[in-house]
Each structure stands twice: as structure tokens, then as C-alpha cells.
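> In case you want the letters, here they are:
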Amino acid sequence: MIELQHLERRYGDAYAVRDLNLKFPEGELTALLGPSGCGKTTTLRMINRLTEPSAGRVLLGGRDTRDLRPEELRRGLGYVIQQIGLFPHLTVAQNVATVPELLGWDRRRTARRVDDLLELVGLDPAVYRAKKPGELSGGQAQRVGVARALAADPPVLLMDEPFGALDPLARDRLQDAFKDIQQRLRKTVVLVTHDIDEALRLGDRIALMHAGTLAQFGTPDDLIHRPASPFVRHFLGEDAVLRQLAGRAAAEFVRPGDPAGLPRIADTLDARSALGVMLREGSDALAVLREGVPLGVLRWDDLRVREAQARKAQA
Amino acid sequence: MTSVPASRRPSRVPWGVIVWPALLAFCLLPGVLPRLVQPLTAGERLTFEPPLWQLTLTHLGLVLLATGVVLLIGVPLAVVVTRPGREALRHLTETLVGLGQTVPTFAVLALAVPALGFGWAPTLLGLIVYGLVPVVSNGVAGLLSVEGHLLDAARGMGMSPWQRLQRVELPLALPVLLAGVRTSTVYNVGTATIGAALGAGGLGAPIINGLSQQNPGLVLVGAVLAALLALSLDALLGLVVSSPLSPAE
Numbered sequence: 001m002i003e004l005q006h007l008e009r010r011y012g013d014a015y016a017v018r019d020l021n022l023k024f025p026e027g028e029l030t031a032l033l034g035p036s037g038c039g040k041t042t043t044l045r046m047i048n049r050l051t052e053p054s055a056g057r058v059l060l061g062g063r064d065t066r067d068l069r070p071e072e073l074r075r076g077l078g079y080v081i082q083q084i085g086l087f088p089h090l091t092v093a094q095n096v097a098t099v100p101e102l103l104g105w106d107r108r109r110t111a112r113r114v115d116d117l118l119e120l121v122g123l124d125p126a127v128y129r130a131k132k133p134g135e136l137s138g139g140q141a142q143r144v145g146v147a148r149a150l151a152a153d154p155p156v157l158l159m160d161e162p163f164g165a166l167d168p169l170a171r172d173r174l175q176d177a178f179k180d181i182q183q184r185l186r187k188t189v190v191l192v193t194h195d196i197d198e199a200l201r202l203g204d205r206i207a208l209m210h211a212g213t214l215a216q217f218g219t220p221d222d223l224i225h226r227p228a229s230p231f232v233r234h235f236l237g238e239d240a241v242l243r244q245l246a247g248r249a250a251a252e253f254v255r256p257g258d259p260a261g262l263p264r265i266a267d268t269l270d271a272r273s274a275l276g277v278m279l280r281e282g283s284d285a286l287a288v289l290r291e292g293v294p295l296g297v298l299r300w301d302d303l304r305v306r307e308a309q310a311r312k313a314q315a
Numbered sequence: 001m002t003s004v005p006a007s008r009r010p011s012r013v014p015w016g017v018i019v020w021p022a023l024l025a026f027c028l029l030p031g032v033l034p035r036l037v038q039p040l041t042a043g044e045r046l047t048f049e050p051p052l053w054q055l056t057l058t059h060l061g062l063v064l065l066a067t068g069v070v071l072l073i074g075v076p077l078a079v080v081v082t083r084p085g086r087e088a089l090r091h092l093t094e095t096l097v098g099l100g101q102t103v104p105t106f107a108v109l110a111l112a113v114p115a116l117g118f119g120w121a122p123t124l125l126g127l128i129v130y131g132l133v134p135v136v137s138n139g140v141a142g143l144l145s146v147e148g149h150l151l152d153a154a155r156g157m158g159m160s161p162w163q164r165l166q167r168v169e170l171p172l173a174l175p176v177l178l179a180g181v182r183t184s185t186v187y188n189v190g191t192a193t194i195g196a197a198l199g200a201g202g203l204g205a206p207i208i209n210g211l212s213q214q215n216p217g218l219v220l221v222g223a224v225l226a227a228l229l230a231l232s233l234d235a236l237l238g239l240v241v242s243s244p245l246s247p248a249e
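Going down the list, the protein sequences come from chains A and B.
Start counting the first sequence at 1; every next residue gets the next number (the UniProt record's numbering).
Start counting the second sequence at 1; every next residue gets the next number (the UniProt record's numbering).
Okay, the calculated beta carbon distance ranges per label pair: (1) A:Tyr11 / B:Leu236: 48 to 54 Å; (2) A:Lys179 / B:Leu92: 52 to 58 Å; (3) B:Leu92 / A:Leu68: 35 to 41 Å; (4) B:Pro161 / A:Asp197: 34 to 40 Å; (5) B:Leu116 / A:Pro70: 43 to 49 Å; (6) B:Glu147 / A:Pro168: 21 to 27 Å; (7) A:Ala165 / B:Leu72: 40 to 46 Å.
Computed list of chain B residues with no C-beta within reach of chain A, every gap over 10 Å: (8) Leu36; (9) Gly43; (10) Gly61; (11) Ala110; (12) Ala121; (13) Ile208; (14) Asn209; (15) Leu237.
Everything labelled a hint here was simulated from the structure, so no lab data went into it.
All of these numbers come straight from a predicted model, not from anything done at the bench.
Glycine included, C-beta positions come from ideal geometry on N, C-alpha and C.
I would like the entire structure built from these sequences, with the hints used as guidance.
Right, dumping it as C-alpha cells:
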């Protein structure tokens, strides 16, 4: 879908991005991860030409993006930024309608689309349509930001630290909401973040950048279990596996079994916390309950050997 | 990130919009002002040719024409000098425009007369030079106050430079810009009285005649009407400026 070929951006003698080759798979979320100053935001901005590359090219569905007018290109790529950037003089509905209006949609189609999108991001249109951005909380505002980016149904979504300015609680909830939305819409998403947990939680794939170059590109499992360099291992940290478990629900690992006498957890608990319960209770199995009804059993071995299973499944 | 909901915003009744124009109209009724200032004119009843309402209209015309030209010059100027990479031009413009206010209007008028002759032309020139200052400086301040991330978002969504200006920058700069227009217009009501010395007519005429004839009643008639006109315009423009634009966060 999106392909970077020998992409480069220089500022004077310094390279922000150097000879970057990368293919973002269609319908997947790729996290552009890395420490600050690694060139991840510059890379994102070269995709929609907010920053022009010094060398190399960006292909979008096989077409060189330089063949399009920048405005035309950008209207086809959803864009979400950390500061949200809602226009304070316009209502929520008018903000969401920005790109459809630029594209000249008729009023009724736009109005319908705005309501659908507000529903999608979990905001009641009747309540929020006429509000001004100043009346929204940070989390609500970024929901509107996501709705605005999706307004013209672009196949691609570019997100620059979209949840970075939110408090931890709002961030968690919005990440969950966005994961749901992405599962339904299957957009090709490029998400810039410096937050390893976020990358592991949301990313189908992770492109880890270091000093303007690609350190490793792969699935979260690839980076955790098969780091390509000491930098990758060091950046993810010794507790990377735990971080990954934190992003998954315990229910994903449940197998049928006899829950009698085992410590109980709810199926909404994340897998890392479930592991914590095992350690605390001195038990290597837990009963998982959905709304009080036993769902099955979660075993220590299942958490541990998950990786081996994944490899087997791929083979 | 909190703001007062629209319904709870204090709704000030703009009394000035009714009171000042009404008072102005009352004073323009034939015979009202001359009778009021009679104690100052040693019992003599003043008569005016042209009548007071005509002087007031002339005055208003001068001011509005000047404001129109100020907008036509000032707004595009503010836009041009606030584009990225034009910082030097912006500083130069602010200095030059600021000069317009430091040089006394009377001097501008005196210098303009040899070039433009007497009448409306030099008066308008003086009003424009003087009125440009608040419009340009507020316009520049308003446009510069638009936050960078909003422009980034606008650009990232595919707005052209013109669309960004029209849909984002100007609407957000508007409250500050209009405050400048209000200041400019109100000041110029006062400044325009000097135009009478150049034969442009208006409410300066009774003031100047009063001064030369040592008739405080005449001076008062011109001054009261000019003041009421300024208050009326200020109140009317205040309606536009405090229109329910949301507070920018």
C-alpha cells in the first residue's frame, strides 16, 4: 500500500532520515517506534508531503506521491496529530466535515457521514454535534480528531503520537476504542509513537527506527523474540514480554478445563495482571470467568509457550 | 480545557446601541441643541447652514470612507506580512505604520495640502494614515496568534494556502482584527474634526467657527455631536466584535 524507497531527508549536513526502505502492509497498523529524534515523525510527514524528501520516493498504491498535487494527496490520507488541532471556531460537526467539504460533498451526505463517524468513535451525535472543541475533554477531543481524519473514508491513516497528550486513563480507553475501530475498518495505519507499550498493544507490525535508519521491521513477536541488534533488545527492555502481555486480554489464552478450586479472574483482565495473580496465589493455573460464569482455564504454560505456538501456526 | 457553556455566558444587553444613537438623533432635531447651549451664547439663538444633520452625515461619510480604505489596505497588508519567511517585511511594516501614529495628524494634513489641495482628499489621507495603525497591528497580532498545530492540521487535511487563510486564519484572527477596526473608527471620528480646517466640512466646522468667534456654545455643539457619533459607532461595532465567537483554547 505505502512503500518507502531509499527515502532521505537532510537538514544541512545532518540526516533526519537516511536511505529508508519500508513497505507498510495494506489493512494493518504499523507502529513507527523509536526514541525522540530518530526520524519517525519526519518519515510520517514525508508520506503526506508536509515535509518533502531530499531523496528517494514514496509510493502510494504503486503511484509516486510526487505525481499528485500535495493538497489532493493529503485529502486522501487521514491525519491525526498529538495536539489534536481541532478548529476552535467551528463545531464538532463542522470539524469532522472539513475534508468532505474540501471534496465538495453535498450537505446531506456530509451530515449523515458526520453522525455515523461520531457514533463510530463513541460520541452521541445528538449531544456532541453542536459542541465547540473548547467544551470537550482531551479524550473526547481526540475522538473527534480521529473521526475527522476518517471523514472522507481514506484508505490510509497517518497518526503522529495521537494519544501522547492524554492522561493515562483516557489514553487506555482511547487505545482500546481505536483498536476496536481498526478491527472493523482495516485501514492501513502508520502510527508514530515513542511509547513501547502503545506500539506492542496496537501494532500489527513495528518499524523500530534509530538515528534516521530502520533498526528492525517485524511483528511485535519478531522484535521481542528475535531482536535484530543489541539496540532493539535494549530499546524494548528486558521486560518486553511482560509489556506485550499487558496489551492482551487473559481471555485470549483460555483453554477448556476444570476451574474447580483455582483462583478466579475476570476475562477482561490483561494477561500480565493474570500472571501477577498466578505469582501472588502460587498457582500455575487460573479460572477465567465471564460475568461470573466460568469460561475455562488459563495456564502458566500457555502464557509461556505462546510464542512457540505462533511459530508453529505460521509454518 | 473548561469553558462556560453558551447558555450560562453572561448576556449583556447592549444598551449603548440604543441610547447613544437615540441621543444623537434627539440632538439633531431642529432647534434642540441651539436651545440647550443658549446660556453659553449670551442669549443668541444659533442657526446652522448647512444644518447640523448634514454636517453629521458629512462627518460620518468621511469616517466610514476612511475606514473602508483602511480595511482595503490594512487587511491584505497584515495577511501579506504574516506569511512564513516574511519576518523582516513584517517588522518594517510595523515600524512604518507605527510612524503614522507618532507623527501628529495635523502635521500629516499640513503636509498633504500642498500636494492634494484643500477639502476631502488631504483629510482622508490623514484619517487613513492614522487609522491604519490599529487595524494593521491588530490584524498582524490576530493572525500570528493562530497556533501552529492548527495550521499543521489544516495543511495535513489538504487545505490550500488560500483555504487555510479563509477557513482557519482569518476567522480566528477576526475578533482581534475587529477590535482594531473599532479603535480605528472611533479615533477617527475625533480626528476628522480637524478636516474642517481644510474645508472638508463635518462636525469640525462649528468647533472651528466657535474658536474663531470665541463662541463656546458653537464649540460645544460640534464637540457634543462628535462625541455622540463616536459613542454610537463604538456601540454598534461592539455588537459585531463581541459576537458569539467561541473563546479559542
